[in-house]
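Visitor: Hey, can you work out the whole structure from these sequences and the hints?
The opening residue of the sequence shown carries number 1 in the numbering used here; numbering runs sequentially from there.
Simulated from the structure, these hints should not be mistaken for lab results. Even glycine gets a Cβ: it sits at the ideal position worked out from N, Cα and C. Some hints here could point you the wrong way.
[To be verified] Have a look at the derived ranges for each label pair, beta carbon to beta carbon:
(1) K184 to A65: 43 to 49 angstroms
(2) V78 to V169: 42 to 48 angstroms
(3) L154 to P73: 45 to 51 angstroms
(4) F189 to E59: 21 to 27 angstroms
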Amino acid sequence: MKKNEGFPKEFLWGGATAANQFEGAYNEGGKGLSTADMVRFIPKEERGSGFSLDVSRKEIEAILADEGDKVFPKRFGVDFYHHYKEDIALLAEMGFKVFRMSINWARIFPNGDDTTPNEEGLEFYDAVFDECLKYGIEPLVTLSHYETPLNLTLKYNGWADRKVIDFFVNYAETVFKRYKDKVKYWLTFNEINIIALSPYTG
Numbered sequence: 001m002k003k004n005e006g007f008p009k010e011f012l013w014g015g016a017t018a019a020n021q022f023e024g025a026y027n028e029g030g031k032g033l034s035t036a037d038m039v040r041f042i043p044k045e046e047r048g049s050g051f052s053l054d055v056s057r058k059e060i061e062a063i064l065a066d067e068g069d070k071v072f073p074k075r076f077g078v079d080f081y082h083h084y085k086e087d088i089a090l091l092a093e094m095g096f097k098v099f100r101m102s103i104n105w106a107r108i109f110p111n112g113d114d115t116t117p118n119e120e121g122l123e124f125y126d127a128v129f130d131e132c133l134k135y136g137i138e139p140l141v142t143l144s145h146y147e148t149p150l151n152l153t154l155k156y157n158g159w160a161d162r163k164v165i166d167f168f169v170n171y172a173e174t175v176f177k178r179y180k181d182k183v184k185y186w187l188t189f190n191e192i193n194i195i196a197l198s199p200y201t202g
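Guide: Below you can see the structure in the form of structure tokens.
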């Protein structure tokens, strides 16, 4: 039996992130609010056994009326938006061949139902993908990873309205066309079952 000396050459070694977890810059570059931007920090001792990061429509409306002194970690992440070059260089240093990440829908279509995309958002992901490819890292891109534009939740009740499917198709077609020469691998939804468990943030 031949000794296995490691992964095959074509094996895609890498890691994964989501825009809402690490990107930050929630109010920069023309980005609109997403459902993830409404998730506040809850101290560990206040979380029950059935703890969920979902927020209800009532909670979202209360936050929009008065945020008070609440903290919203997903709005800031680790500031990849301003440090993507250094971060991607570190991924390359670790030997990554693939980087799974998501595009924040609200950075491309701030309200979700916009007729034209936000060019500044598109340019940001152009720069990120270029940086990945410079190091030989394949971007593996998720279209929806808890980043539904907040307006679609409030105005259309999210995925309960079939119009939101059309808005998603428009978003998907926009990024497919824009990045067709930079992105080979796409995922539609992260944990598609989460829509049943966390309908407002999923």
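Visitor: For every hint, state whether the structure bears it out.
Guide: Hint check results:
The hinted window of 43 to 49 angstroms between K184 and A65 holds, with their beta carbons roughly 44 angstroms apart. Between V78 and V169, the C-beta spacing of about 31 angstroms breaks the proposed range 42 to 48 angstroms. In this structure, L154 and P73 break the distance hint of 45 to 51 angstroms, their C-beta atoms being roughly 22 angstroms apart. Take F189 and E59: their Cβ atoms lie about 23 angstroms apart, and the range 21 to 27 angstroms holds.
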